[in-house]
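In order, the protein sequences belong to chains A, B, C and D. Just so you know, we're using this note's numbering here: the first sequence kicks off at -8 and counts up by one. Just so you know, we're using this note's numbering here: the second sequence kicks off at -8 and counts up by one. Just so you know, we're using this note's numbering here: the third sequence kicks off at 3 and counts up by one. Just so you know, we're using this note's numbering here: the fourth sequence kicks off at 3 and counts up by one.
Bear in mind the hints are in silico, worked out from the structure with no lab data behind them. Values in this document were obtained by computation on a predicted structure and should not be read as measured data. Be aware that one or more of the hints could be misleading.
Stated by the list, open to error - Result set (EDC-like, lysine to aspartate or glutamate): computed pairs, CA atoms no more than 16 Å apart in a straight line:
#, chain 1, residue 1, chain 2, residue 2
1, A, 296, D, 55
2, C, 282, C, 266
3, D, 287, D, 14
4, B, 188, D, 332
5, D, 282, D, 14
6, B, 296, C, 316
7, A, 188, A, 238
8, A, 296, D, 332
9, A, 188, C, 300
10, D, 287, D, 10
11, C, 282, C, 298
12, A, 14, C, 145
13, B, 296, C, 321
14, A, 296, D, 321
15, B, 296, C, 55
16, C, 287, C, 14
17, B, 14, D, 145
If you want the building blocks of each chain, they are given just below.
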Amino acid sequence: MPVLTLSNAINTGLRRVLEDHPKSIVMGQDVGSLGGVFRVTNGLQKDFGTDRVIDTPLAESSIVGTAIGLALRGYRPVCEIQFDGFVYPAFNQIVSQLAKIRARSDGRLCLPVVIRIPVGGGIGAVEHHSESNEAYFTHTAGLRVVCCSNPLDGHWMLRQAASGSDPVIFYEPKRRYWDKAEVSESAGTERVLPLHKARIVRAGSDLTLLTYGGMVQTCLQAAEAAVEDGRSIEVIDIRSLSPLDLETITASVEKTGRCVVVHEAPVFGGFGAEIGSAVTERVFYRLLAPVLRVGGFDTPYPPAKFEDQYLPDLDRVLDAVDRSFAW
Amino acid sequence: MPVLTLSNAINTGLRRVLEDHPKSIVMGQDVGSLGGVFRVTNGLQKDFGTDRVIDTPLAESSIVGTAIGLALRGYRPVCEIQFDGFVYPAFNQIVSQLAKIRARSDGRLCLPVVIRIPVGGGIGAVEHHSESNEAYFTHTAGLRVVCCSNPLDGHWMLRQAASGSDPVIFYEPKRRYWDKAEVSESAGTERVLPLHKARIVRAGSDLTLLTYGGMVQTCLQAAEAAVEDGRSIEVIDIRSLSPLDLETITASVEKTGRCVVVHEAPVFGGFGAEIGSAVTERVFYRLLAPVLRVGGFDTPYPPAKFEDQYLPDLDRVLDAVDRSFAW
Amino acid sequence: MNPVQLLDIDGELRPHPDWPLDVTPGLCRDFYRRMRLARQFDQEAQTLQRQGELGLWVQSLGQEAAQVGSVTAMRSTDYVFPSYREHAAALCRGITPAELLIQWRGNRHSGWDPDRYRFHIYTLVLAAQLPHATGYAMGVQRDGADEVVLAYFGDGASSEGDANEAFNWAAAADVPLLFFCQNNQWAISTPVRTQMRAPLHQRARGFGLDAHVVDGNDVLAVHAVTSGVAQRLRAGMGPAFIEALTYRIAGHSTSDDPGRYRTDSELDSWRARDPIGRLKRLLDKQGWADKAFHTEVDEECRTLAATARSVCRDLPLSDFSAVFDTVMAEPTSLLAGQRRQYLEFVDSFED
Amino acid sequence: MNPVQLLDIDGELRPHPDWPLDVTPGLCRDFYRRMRLARQFDQEAQTLQRQGELGLWVQSLGQEAAQVGSVTAMRSTDYVFPSYREHAAALCRGITPAELLIQWRGNRHSGWDPDRYRFHIYTLVLAAQLPHATGYAMGVQRDGADEVVLAYFGDGASSEGDANEAFNWAAAADVPLLFFCQNNQWAISTPVRTQMRAPLHQRARGFGLDAHVVDGNDVLAVHAVTSGVAQRLRAGMGPAFIEALTYRIAGHSTSDDPGRYRTDSELDSWRARDPIGRLKRLLDKQGWADKAFHTEVDEECRTLAATARSVCRDLPLSDFSAVFDTVMAEPTSLLAGQRRQYLEFVDSFED
Ligand SMILES: Cc1ncc(C[n+]2csc(CCOP(=O)(O)OP(=O)(O)O)c2C)c(N)n1
Ligand SMILES: Cc1ncc(C[n+]2csc(CCOP(=O)(O)OP(=O)(O)O)c2C)c(N)n1
Ligand SMILES: [Mg+2]
Ligand SMILES: [Mg+2]
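Go ahead and model the full structure; you've got the sequences and the hints to work with.
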């Protein structure tokens, strides 16, 4: 099994998608000769040609809009939005068209479009390049929203997303692009979960840490650190935000009785709010403390020099864990 | 005190804003000679001229974008977005510019811009004309998000919003435009709350119904109906979604021990999730049942003939109340 | 640039050197019939709305020539992206009254199978269909298919970012797409002069589109120009743009109150340019239509109106639970659960 | 339309009948000095980034003439909306090295008080500043002020909906706004031909803007055309557009790898058109600059570089808690609470 970075693992995933689905298309700004600003599409245009790997004009609304048109014609576009903060010009096409055309056409039209978005902070970037905007899309009926956290998932989730029949917002935690792991490109391995399933990354019995994307590593570290305090923490990588695998999540919190949700996005109205409310509705009597949320502060993403204070880190996660136990 | 419809009450509010603030401007599609599709801006252009009441080109992104420019020049624009479903083309300008320019400029620039949006269903409209998209904006740091539910609030909240220094998303529940009530246009009445305060619409002791906009009436009716079952229900009109008046809300739930949130928007990732999580964090030990959420289903807004099934109504609110008591 | 005209308002033919058209009696009768039917249908729908049978209606009244002349110039294999007022074009494609009305009655969001008619569902978010058309045409281009794509939109929609992105993208990508603007002078209450400084076809040319302007109330001119432009497009001469100058005789929709913003004299001047009256004058002058033809058209119109009326009242309404099934192609537990809960909730009242 | 040129690449003056300019030695020396300083500053910032002192830098290298020539043609009261690469223009407005660098060091999102310099903060979301400029100009128009507004953007940004909405809106509203595009041939790795089919100034004219194209590496031409166009604008002749043809000699940013997408020969051909070299040839040929002048400029450059370097390392970094204070003008309990909790949390570690 080759050891790949997340960036390479998604690259090989895209390659397989282009091979497996003759109608698949990769498109976006600078995805061609440059290979994308994170090199995720490196070499694809050279190997698959400019008809299938398309450098688009600089217009996000039309990247999604033309992808919809291509899908109506039978193509399967995988679009790249260059950075999280640049998906907003496409918001109208995503929310009113991509997400709704199936319902608007009474189920007649189907839009297998994947929108890849490098997401989140941690790389010291300038403004608009570190945002976590998943809550906008999880609240939008008609979309699947997934977020990978490691090379194996990145590879497989991309292939699954691009092989489905529904639109998928596909988040890639940019701070993890350079993380390495073994990636099996052949199907059937039991480590490959269906796209909508959450993954128990670390088993534990006293508290459940729910997270996704760039924060999975942070939560794992927190769980390790908590061992010292004699606490056994279960860490779940949610992977699919919408639909949400409440089965796996609920089973865990039923068992542990305590739950902390961690994400990079601001807490107020963030995706953690949904998890908190949904979990509480389901395991109310088992909860020993309210579901606590750790996330970015309710400010715009700050200048790079403040990232470390802004983003949840080991200490802030452990602080919430402490508060949960102290409840 | 004159009796006004919500539409008229906001109209007189806008009139007062134009009188009180020489730099205020009303702008949007068809706000001039037509007076807006809901006649909220009726007569304003005639009285204040085309320089202050502006029929804009058909471009939502630029309605917000030029309003930002006008505000940078010292003006105070109050923009109208014609329907909830047409705010998405302006999403980029709202989220990355309007909401962030103050933070991006280190507090140097201030944008007193109000964006009025007729919101929600209940009027049998065609697609894209009945949406409840408040969760997108409540999750956006840098915006105030408010929603009026009656003529008095409509008048005063608009005047307060347009007199502040921060950007405000101002929702008007379109199904209530024709509701009538007494409106005092003079300040100082104790019925006029600060913009960020929630209002206890009906006092009660057994359960708290939290809601806003078009659902306030529905919840009041539910509370009345519940009297028969011997249940005393407190109804709170949240009014300000961001910032959220957790003080008033928490005090109520502390007292009642039960809480149901009602809104028109889809439940998954909706604003009710934030309320549910925030309330639970604060009054965990007092809760006799989890905070329950009643809202639209997690589908795009359905065709008009299905509105009655889609939107929360008396029965669905009471069902949730029953479930809360049965917990 | 003067708008191309082949038929003046008095019903005189004015052949145009650049836009030849074989003006046969049959062709004119066909256009006349289609426009009459479209107008009759539109009128009936308006009445149905007034009687509470439809939630809303947006009339195509006055724009029949622009729509009939253009859509009939395309091949039936050419995919069309309408906006929301293209009832005349839809009828030409064979879409039935029931399919056209159901959306406005509020039973569904759209009425027909777009693949079957090669006519996309209506798009109500202004200009959003233009990037779709551009992408669809990218697909046609990649397929090497002998097709072109036609996209309708209005003067107001042309101010949206999406419209201009599409003009630019289509031009840059050199796709087989024809943008067709029905400039009916108004976007609800907003006149064209508020939307733009320069004429639209001039803007289109600025993007590098093969752009033309035509008298949109002259069905012959619209047909000739659209045919010619489609032919160039098919020959690989790059994406094109037609601005058809026409007028929205009715209000914007049944909710509108046009008296608030436009004058009777403006309306009258456009009534005088009515596309149907004009073509009738031609038929009359040339003696191309006999009484039998007119009787037949009148009869067809009556039948269509009656059909519209009767199908409207019987339009099927599925059970609400169907709403859950059309959201995603692959079922999710969230939607399955809500569907189940909804049905249980309904059942609980039936006890 | 040929780009206006007043100074050819050999340093010969080519007076242009439509764009008169009083080419004095003083003017040329001033331009030369400003461009040299801009380039030196840019080079120093690039070095600082390579040494880890800045998180990112986007070079203005090669675009000095386009920026210096245009911004100096405006009055100091005219408000300017830059994109993010307008360091040369910013320096001309008096913005200090510290103010320019702080954003790229990551200490703040922006560095200067826009009101003080009549120079807006940088906008990184492409084209978003163009509707702002349009709205600002609507304000100027309403104020009846004797000001015009200048908005910079790139060739790539011109494909965004916001750019085209702004072109259209500004034209329709007839506001005193000058759009200035630095067409530097590339948007990261995407060449202009991928963005558009027709030249940008042609598109601008299509919107009804008074549009011109100029050799963007010819500071005299840029200055002459911008001055002339600004004068027309001030005289109420309607919004305008200038496309300056130039070249981004460096990579897109310090994160870019331009070797992946462009050729050395292209780069060489543009180096030969370098704006500073060209003006120097003029100064030399005409004998308009003596050794003392050059020594002085060299010295000023050295000082600027030294200043840039020394201020960069000392750029102030406020306490994180300040982040909570700049979000809203009117405090909210949410932010006040988070600020307090944050400080308590930090304190808890100090014990
Ligand atoms: C994005 C968006 N904004 C606003 C509206 C509301 N609206 C519906 S039709 C219309 C006017 C459209 O004018 P035009 O494009 O000229 O088409 P016409 O109605 O004249 O056929 C407006 C403003 C909308 N449907 N979509
Ligand atoms: C809306 C948006 N999309 C994408 C980006 C990422 N991006 C930053 S600069 C750039 C290229 C811009 O090219 P151009 O407008 O020509 O300006 P230049 O960099 O050449 O000065 C891109 C794609 C962005 N900043 N904003
Ligand atoms: Mg129109
Ligand atoms: Mg460029």
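message: Check the structure against each numbered hint from earlier and tell me which ones fail, lowest number first.
response: 2, 8 and 9
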